[in-house]
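Undergrad: Chain A is already provided as a structure; the job is to place chain B on it using the hints.
Residue numbers (my numbering), protein chains in the order written: chain A, 1 to 237; chain B, 238 to 507.
Quick caveat, the hints were computed from the structure, so don't treat them as lab data.
For each residue, glycine too, the CB sits at the ideal point set by N, CA and C.
Please note that a few of the clues may not be correct.
[Unchecked claim] Only part of the chain B face toward chain A is listed, based on derived beta-carbon distances under 10 Å:
#1 Arg387
#2 Leu431
#3 Ile437
[Stated by the list, open to error] Far from chain B, by Cβ distances over 10 Å, these chain A residues were calculated:
#4 Arg19
#5 Val40
#6 Glu44
#7 Pro50
#8 Gly84
#9 Val86
#10 Phe109
#11 Ala157
#12 Leu184
#13 Gly185
#14 Phe207
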Amino acid sequence: MTQRPAAAPDAASAPFQIRGTSFTLLALKIVDPRDQTFFVKLQETLSLAPGFYSKAPIILDLSLLTAVAPVDMAGFCAALRDLGLVPVGIQGATAAWEEESTRAGLAVFPAGRAAEAQSVRGRAKPLPSPKARLVTDPVRSGQQVYAADGDLIVTAAVSRGAELLAEGNIHVYGPLRGRAVAGLGGDRSVRIFCRHLDADLVSIGGFYMVSEQMDPTLIGKPVQIRLVEDRLVFDPL
Amino acid sequence: MAKVIVVTSGKGGVGKTTTSAALATGLAQRGHKTVIIDFDVGLRNVDLIMGCERRVVYDFINVINGDAKLSQALIKDKRVETLFILATSQTRDKDALTQDGVQRVIDELKTQFDYIVCDSPAGIERGAFLAMYFADEAVVVANPEVSSVRDADRMIGLVTSKSARAERGEPLPQHLLLTRYDADRVEKGEMLRLEDVQEILAVPLLGVVPECPSVLQASNVGMPVILDEKSPAAKVYADAVSRLLGEKIEITVPKPTKRGLFDRLLRRSA
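Just chain A, with the same shape it has in the complex:
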């Protein structure tokens, strides 16, 4: 005889599953539920977009009614259902209103909060820029570009005989034909990314490879280069 352990029910065979989820609901902010024209005026509003409100789940926001005694919520909800709305809960109510609503089968939602407006202008200082060096002009033969604080990003071509040096990662969006030396200070976790690999030499954290040793099928291709156990690994992108 096999016994299913109770602590680990088979998810596939369980009769239900509980998941967290979130919805955006309409809230009906009620100002005066005893107003004789309440439902007439509400219907006028709903008729402006009947498709939108039809069978729409709705929350009753009772935060304005703190000084008012509760009305018959069961009857109130029935009248709302007659207009095509589906009241599912309340929020912002006093204890007396909550009790009356619970009895009418409504859930109590935590009070909604409006985000506090903040002035952008009031902020004292702009955030410090990330320590990457951006180069938008071609890097020509004999030129050397060094990113001393971090990553180096080149959006143009890097010619043969040009040299890119960075303490961090190197990104090249034009053809990379020169040398790219990343992790100059010995950081072995950095990488080299390029859209068109045709480099004379690449190096990460002191481990280098010249073009002759590279896989010829990757030349001209988008590639990322990383260091794995003292070996340079080329991944096509």
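TA: Frame of chain A; chain B shown alone:
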């Protein structure tokens, strides 16, 4: 407003002086008062190509050193009214060029001329540096060949970063002039294709001068090739001058020669 144009390349023998002479003559032909300066101190060539080597009395170095006035050193061309030549010294070397001296001469020339064409020596040393330092515009000459293109790339980088305009943060337009382009050899894969060169250098193209015996011939008789109406190079240089002056003209790329069967048979028997 006078404009200083440097003709440079990095590598030697690609056609800088031929180009300087042709462009300066072309600019002068269009009525602009133009002077061509030879920066290749010790290996003077411009006066030979311009056919005025026997008329050189004072030169660029004499003017820099204050031994002669600019007006004494400027040689007026005999063919084109508005063209002048400032030859260089054959007995001195590049150290005779000083930054202050060159600046003084160029500033003085700017008051008299529309265009100042600086013919750069090969290399990236003092002469080449000072030739490009005061430039407002650069013409980079290259052959469709790997080492020439590499050197041109280096030169473009230097002009972009080390010229006076670059130091002031002002733009310095650069143009590529491809010379000695042999379409037949390009087709056979013996020379770089125009597209390859453009892809590497990524500067606007000023023209493609075909490999042509008329260029050497013109040099030998001391005549800027642009004046040889029968030379295909003359047309290319004339178009290049138009482009320098801001006209929009389509680039003509030399095509490989088409040889018919009859022609080939004749050649074979010859």
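Undergrad: For every hint, state whether the structure bears it out.
TA: These are the hints, each one checked on the structure:
{"no.": "1", "hint": "Arg387", "in the structure": "5 Å, holds"}
{"no.": "2", "hint": "Leu431", "in the structure": "17 Å, violated"}
{"no.": "3", "hint": "Ile437", "in the structure": "6 Å, holds"}
{"no.": "4", "hint": "Arg19", "in the structure": "55 Å, holds"}
{"no.": "5", "hint": "Val40", "in the structure": "72 Å, holds"}
{"no.": "6", "hint": "Glu44", "in the structure": "66 Å, holds"}
{"no.": "7", "hint": "Pro50", "in the structure": "62 Å, holds"}
{"no.": "8", "hint": "Gly84", "in the structure": "66 Å, holds"}
{"no.": "9", "hint": "Val86", "in the structure": "64 Å, holds"}
{"no.": "10", "hint": "Phe109", "in the structure": "60 Å, holds"}
{"no.": "11", "hint": "Ala157", "in the structure": "6 Å, violated"}
{"no.": "12", "hint": "Leu184", "in the structure": "21 Å, holds"}
{"no.": "13", "hint": "Gly185", "in the structure": "25 Å, holds"}
{"no.": "14", "hint": "Phe207", "in the structure": "27 Å, holds"}
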